[in-house]
Amino acid sequence: MEIRKAAVAGTLESSDCMVTVEPGEGALQLELSSSVIRQYGVQIRRVISETLDRLEVREGRVTVVDKGALDCTIKARVECAVYRGSETEGKVPWGGVII
Amino acid sequence: MMFLNCQKPGLIRDPYVYAPDSVLLDLEDAVAQREKDAARFSLFHALREIDYRGVERVVRINGLDTAYWEEDVRCAVAGGCDSIRIPKTETAEDVRRVEQAVAEAEREFGIEPGRTLIMAALESARGVLNALEICSASPRLFGIALSGGDYTKDLQTGISGTGVELMGARQHMIIAARAAGVQCFDTVWTSLCDMEGFRRETEMIHAMGFDGKSVINPRQIPIVHEIFTPKAKEIDFAEKVVREIDEKRAQGIGVFTVDGKMIDIAFYDGAKRVLALARASGVYKGEL
Amino acid sequence: MRNAVGREIPDEILKLTGKEPFQGNLYKNGVPFRRYAPIVRPVMDNRHSKLVRDIREALEKCGAHSGMTVSFHHHFRDGDLIVCMVMEEIRKMGLKNITLAATSLGKAHDALVPMIEDGTITRIEASGVRGKIGEAISAGKLKGLAIMRSHGGRVRSLVTGETRVDIAFIGAPTSDDYGNLRGIGGKTDCGVLSYSYVDGDQAEHVVAITDCLVPFPNFPAHISMTKVDYVCVVDAIGIPEKIATGAAKPTTDQRKLMMAEYCTQVVVNTPYFKDGFSYQTGVGGASIASTISLTKIMKERGIKMGFGVGGLTKPMCDLLDSGMVRLLLDTQDFDLDAVASVRNPAHHRITASAYANPFNKGAFVNRLDYVILAALEVDVHFNCNVVVGSDGVITGAQGGHPDTAQGAKCTIVITPLLQGRIPAVCSDVTTVTTPGESIDVVVTDYGVAVNPNRHDLLDALCAAGTIPLKTIEELRDTAYAIAGEPQKVEFGDRVVGIIEARDGTIMDVVYQVKD
Chain A
1 MEIRKAAVAG TLESSDCMVT VEPGEGALQL ELSSSVIRQY GVQIRRVISE TLDRLEVREG
61 RVTVVDKGAL DCTIKARVEC AVYRGSETEG KVPWGGVII
Chain B
1 MMFLNCQKPG LIRDPYVYAP DSVLLDLEDA VAQREKDAAR FSLFHALREI DYRGVERVVR
61 INGLDTAYWE EDVRCAVAGG CDSIRIPKTE TAEDVRRVEQ AVAEAEREFG IEPGRTLIMA
121 ALESARGVLN ALEICSASPR LFGIALSGGD YTKDLQTGIS GTGVELMGAR QHMIIAARAA
181 GVQCFDTVWT SLCDMEGFRR ETEMIHAMGF DGKSVINPRQ IPIVHEIFTP KAKEIDFAEK
241 VVREIDEKRA QGIGVFTVDG KMIDIAFYDG AKRVLALARA SGVYKGEL
Chain C
1 MRNAVGREIP DEILKLTGKE PFQGNLYKNG VPFRRYAPIV RPVMDNRHSK LVRDIREALE
61 KCGAHSGMTV SFHHHFRDGD LIVCMVMEEI RKMGLKNITL AATSLGKAHD ALVPMIEDGT
121 ITRIEASGVR GKIGEAISAG KLKGLAIMRS HGGRVRSLVT GETRVDIAFI GAPTSDDYGN
181 LRGIGGKTDC GVLSYSYVDG DQAEHVVAIT DCLVPFPNFP AHISMTKVDY VCVVDAIGIP
241 EKIATGAAKP TTDQRKLMMA EYCTQVVVNT PYFKDGFSYQ TGVGGASIAS TISLTKIMKE
301 RGIKMGFGVG GLTKPMCDLL DSGMVRLLLD TQDFDLDAVA SVRNPAHHRI TASAYANPFN
361 KGAFVNRLDY VILAALEVDV HFNCNVVVGS DGVITGAQGG HPDTAQGAKC TIVITPLLQG
421 RIPAVCSDVT TVTTPGESID VVVTDYGVAV NPNRHDLLDA LCAAGTIPLK TIEELRDTAY
481 AIAGEPQKVE FGDRVVGIIE ARDGTIMDVV YQVKD
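Protein chains in written order, with the working numbering: chain A, 1 to 99; chain B, 1 to 288; chain C, 1 to 515.
Read the hints as simulated data drawn from the structure, not as lab findings. For each residue, glycine too, the CB sits at the ideal point set by N, CA and C. Incorrect hints may appear among the rest.
Unchecked claim - With beta-carbon atoms standing in for the labels, derived distance ranges:
#1 B:113 / C:490: 45 to 55 Å
#2 B:8 / C:292: 22 to 32 Å
#3 C:427 / B:8: 24 to 34 Å
#4 B:282 / C:490: 42 to 52 Å
#5 A:56 / C:427: 33 to 43 Å
#6 A:91 / B:33: 12 to 22 Å
#7 B:199 / C:300: 15 to 25 Å
#8 B:8 / A:91: 25 to 35 Å
Given only the sequences and the hints, what does the whole structure look like? Please build it.
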């Protein structure tokens, strides 16, 4: 999927995370700040990268501000932001690329 | 049934801790219009990845008059929810439309056909009047629920706390549900500081025959369980009734007394139901 | 060298401090020592005045010098003004390398961080170092070591002479001109002066600081004039609103109420719950809710508490007022009602030594039946961490945790399984404060675990049937299943702090946090 415009998903409430995607050229850039960076930084990065990979997002900037969200919430927010940013319409491939 | 908002990650991660019987994951009223898409992603992952330990997951989709409901059904079924709750149900046709979308989604996502059940929320005068046809509209429809807030607005009145404005709806719905052989659930009580009022209302609908009640806060759960769980005396009596009827049936006797009450064969099913509910609640370990 | 809780204590730290590694709770039980006695300067001249103009004069008269050790109490909690007031004066005098032996440091002392950075303060000994001081120590800014002790351990370190206080500063809500001190009756009351009592006995110089001078004699004195060298009057010793909070209330959160109920069920189903039992609890909403539901059952069964002890709050004082407990033994007052209750004849002040000193002939903690405690982390060996956050930064205080945990017959730790995303029950705590052998029961919102070394409690609770019993490993597994297994925090190489056991051995060390 290609990020065509800037988009945001999620909030800064406790247990949530805010994901911002922006279009860009060149390699994908990921910026992460988290209230639990020391305990879960590696895992959060992995979940974000795997999700972006599945969605075949190769370019652009992704910024995540995490407030202790669980993996399922991080995935949901990243996917939502990418869908919004890619301006995709129509049915979502639940169980396919979204898993 | 405990209401939960998918858009509040802090609340959805371990609701089973409070031991509700089912949770309602809401895509409708709790979610702002511009977040409908976000709520679906949250719902899908919540259904797939969170351990609910046997608590039933009901998803409330958006109304059939919106552009959202069809994608809601796809998402919920793909996620593996246990049932779909239709808001503002007014006719049997509403139920059939959702049933068709659910069946298609089950096919699309490889879900066992028939696994996803449906419940209908009645929120208007027309919905309540059409209760019987709604209850009978689909083999997937397992129950109806009253949405008191919207219903009383449709009647052009409000929630008084006495229940008088809901009398007609409640009576009509329990009658229709029983006639069609489905379950009937009562509406939410929103005054969290008035637990006494909540208790009174729950006792009343229990006596009317309702199968359960919607709650909006974990604090309300123990009260519903306490009222709906058969008490020790009821269980003892039910056991006696079942044993006596079995025994007397063999002897060809049709009417007799148990603990001073006149009992005949008509009491059998009710007594068995009490024991089944008691077993499911974990308070009865017998074999009857 | 590995100690009895499996923690590696670097040899150079053992050499530097002359301490041994922790070898079990009863390692020093019955081992005699000679009590350290400080120098005393007799006051026989009846014309001698103890009043000084200001803190500077007090410091000069006490021979303040670089490298000295000064001490303070924390009865004024977040409203304390004394520590910063005195340290500022010391800094102005150009003195360096001070060892700050406060009973505890917190948010009220954030202003000391520049004094750590510029070398005025080079060593800290305290129960805890909350707030910016903790962050500064974890960042490696303190040149020497931070030693964290329990309340009982601190008394021990003064009484053995391991810590020798040059000047003790005692903030006193009221004092007369000869140094009779009381914790009530002034404009900045804190109720009791329990933590300072040992400083009165063991410090070389004792300076009382008050904002309310009263006529002589200020009796009955909580600390006697016979131990006080100088009295200094200042405008304000503390900020009343921050000392004692509004009444501590029970929680309304359903999850915490569930934990409170499990906690109550543990107490009432164990053999020590009979008339005359003793009890200590904390200030958390869940602890208070548990005390309230416990009281209901006490009434039903006609059981009264023999004594309640520790840091006191309104709910405990209510028990006294309603006759449900015979005596309260007070080491600290957390809210205004507790402060007011000090006047009640059945509400007794006890010193930190009588409360928890492991090196006397038997302290109150040894006679406790139940203690309810909190923790930052508990691991599958039942070790507790109360001092270092899971991010590696020093953030809490030992308080009376190890003292009461060891002494009580049934030690209950109450904690939500997850605090945000962070598992409170884990495989190995970041740093050990209280050893697993002291912890009997862990109550979480997901169930209750009993230490396998307590078959008696496990049998009693199984028989009761009202508590969801799990193994501690199951609780850890559930936490990790929900949140994921956390990474081990990365530390640097330098040891910045020591977690001292009650008996002075080393329970664990704290390393500098890596950036």
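Here's how the hints hold up against the structure:
no. : hint                      : in the structure
1   : B:113 / C:490: 45 to 55 Å : holds (52 Å)
2   : B:8 / C:292: 22 to 32 Å   : holds (30 Å)
3   : C:427 / B:8: 24 to 34 Å   : holds (30 Å)
4   : B:282 / C:490: 42 to 52 Å : holds (47 Å)
5   : A:56 / C:427: 33 to 43 Å  : holds (37 Å)
6   : A:91 / B:33: 12 to 22 Å   : holds (19 Å)
7   : B:199 / C:300: 15 to 25 Å : holds (22 Å)
8   : B:8 / A:91: 25 to 35 Å    : holds (26 Å)
In the structure shown, no violation is registered for any of the earlier numbered hints.
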